[in-house]
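Enquirer: From the two separate chains plus the hints, produce the assembled complex.
Spelled out, the chains give:
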Amino acid sequence: NAGVTQTPKFQVLKTGQSMTLQCAQDMNHNSMYWYRQDPGMGLRLIYYSASEGTTDKGEVPNGYNVSRLNKREFSLRLESAAPSQTSVYFCASRELAVQETQYFGPGTRLLVL
Amino acid sequence: TQLLEQSPQFLSIQEGENLTVYCNSSSVFSSLQWYRQEPGEGPVLLVTVVTGGEVKKLKRLTFQFGDARKDSSLHITAAQPGDTGLYLCAGRNSGGSNYKLTFGKGTLLTVNP
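Listed in order, the protein sequences are those of chains A and B.
If you count by the numbering used here, then the first sequence holds residues 1 to 113, one letter each, in order.
If you count by the numbering used here, then the second sequence holds residues 1001 to 1113, one letter each, in order.
So that you can see chain B by itself, here it is in the shape it has in the complex (with noise of 0.2 Å):
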C-alpha cells in the first residue's frame, strides 16, 4: 500500500499570512492531486501535477511536485478566510493500477479574520 504523509494536520492562521502543506510518500506517483474539501461538500480537484520539478500556479496557490516524484506541497500566499477548508493530496500508482488513487489524511486549515 502506498501511503501519503500529510503536514501539518491542522493549521490555523490570521488573514494575510502565508503558509505550506507537504504531501510525502517514500513511493513514486506518476501524477499528483491537490483536492479542497469545505464543510459538508465532496473533494474538489484544485490542480493535477505530472513532471518532476513541475510548479503549477492557481491565484494565490502555488502547488509543486517533487524532483523524484514522491513528494509535492501547497504554498498560499496572503491566506483568507474563504481558504477555510480540508486540503486533500491525492496520488496516482506509478506503474500500478491507473484507476485508483491513493488520499492522504488531508491538512485541514482554518484562516481567521
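Next up, chain A with everything else stripped away, as it sits in the complex (with noise of 0.2 Å):
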C-alpha cells in the first residue's frame, strides 16, 4: 500500500515548455487535489476532482489542466510553463466521511526558469 504516489520528484523547465505531473493513489479514493506551495503562501488549491470524471477549479486555476484518467490517476498539466508556476506542487486524497483524512504525495518540485 504506496497511498499517493507522484512523479517526478523534480523537474527544471524552460519557459514556454510543457509537462504532465503525475499522481496515483491505491486507497480507492474517490476525491483527488492538486494543490501548490510557496513559501508565505501556504497550500493553496489549483483543481479538484471530487469523484471519478469531474473536475472542478480551486483558488489557483489559471495556466493549468487537468485530467482524472481513472479513479487511481489524477494529472496535472502546464501547457506553457511561467517562471511564476516555479513551486512545490502536492497531490491529495481522501475519502468523503465526517473525519475523513486527506493523503498527501511527496511532492513535485518544479523550476521554471
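Read the hints as simulated data drawn from the structure, not as lab findings.
A few of these clues could be false.
[As the list claims (entries may be wrong)] With a cut-off of at most 20 Å between alpha-carbon atoms, the simulated SDA-like pairs for lysine to any residue come out as follows:
| id | chain 1 | residue 1 | chain 2 | residue 2 |
| --- | --- | --- | --- | --- |
| 1 | B | K1100 | A | K9 |
| 2 | A | K9 | A | P106 |
| 3 | B | K1059 | B | L1019 |
| 4 | A | K14 | A | P83 |
| 5 | A | K57 | A | E95 |
| 6 | B | K1056 | B | N1018 |
| 7 | B | K1057 | A | E100 |
| 8 | B | K1100 | A | E100 |
| 9 | A | K14 | A | Y64 |
| 10 | B | K1100 | A | D38 |
| 11 | B | K1059 | B | V1044 |
| 12 | A | K9 | B | G1040 |
| 13 | A | K9 | B | V1044 |
| 14 | B | K1100 | A | K14 |
| 15 | B | K1057 | A | T101 |
| 16 | A | K57 | A | R77 |
| 17 | B | K1100 | A | L96 |
| 18 | B | K1100 | A | P83 |
| 19 | B | K1057 | B | E1017 |
| 20 | A | K57 | B | K1100 |
| 21 | A | K9 | A | Y103 |
| 22 | A | K9 | B | P1039 |
| 23 | B | K1057 | B | Q1037 |
| 24 | B | K1100 | A | S67 |
| 25 | B | K1100 | B | V1028 |
| 26 | B | K1100 | A | Y103 |
| 27 | A | K57 | B | V1044 |
| 28 | B | K1100 | A | N30 |
| 29 | B | K1100 | A | N62 |
| 30 | B | K1100 | A | G53 |
Expert: Here you go:
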C-alpha cells in the first residue's frame, strides 16, 4: 500500500515548455486534489476532482489543466510553463466522511527558468 | 474566500519548553484539521476536531476547537527536536463545498536541542 505517489520528484523547465505531473493513489478514494505550496503562501488548491469523471477549479487554476484518468490517477498539466509556476506541487486524496483524512503525496519540486 | 490566520508565523524554542500556536478565522468551519509537514515531505494529518469546544490530546499535543468553531489552538508540552516542522491548520467550509479545505499559511516550529 503506497498511498499517494507523484512523479517526477524534481523537474526543471524552460519558460514555454510543457509538462505533466502524474499522481496515483491506491486507497480507492473518490476525491483527489492538486495543490501548490509557495513560501509564505501556504497550500493553495489548483484543481480538484470530487469523483471519477468530474473536475473543478480551485483557488489558483490559471495556467493549469487536469485530467482524472480513472479512479486512481489524477494528472496536472502545464501547457506553457512560466517562472511564476515555480513551486512545490502536492497531490492529495480523500474519502468523504465526517472525520476524513486527506492523504498527501511527497510532492514535485518544479523550477521554471 | 474563507481565510485562516495562523500565528506565530515562526517559532524557535529550546527543548523542554511549552508552546501554543493559533489558527483564527472570522468564518465558521464544520471541522478543522491540523497537519504537520516535515522538510521535503507532504503534510500528515495530526487531528480533526468537529465539535465546538472539543479538546483532543495526542501524547504531548493538545488541540482545541473554539466554542464558535472559528478558531483552534495547538499546545505542545515539553517540546522535543522531533516536533520541528511546519504546522498547518485547515478548515472545511460550513455550509459550502464539502470537497475543499482552506489552509492557513502555517507556523514553522524549530525546537533546538
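Enquirer: Could you check the structure against the hints above and give me the numbers of any it violates, in ascending order?
Expert: 1, 14, 18, 27
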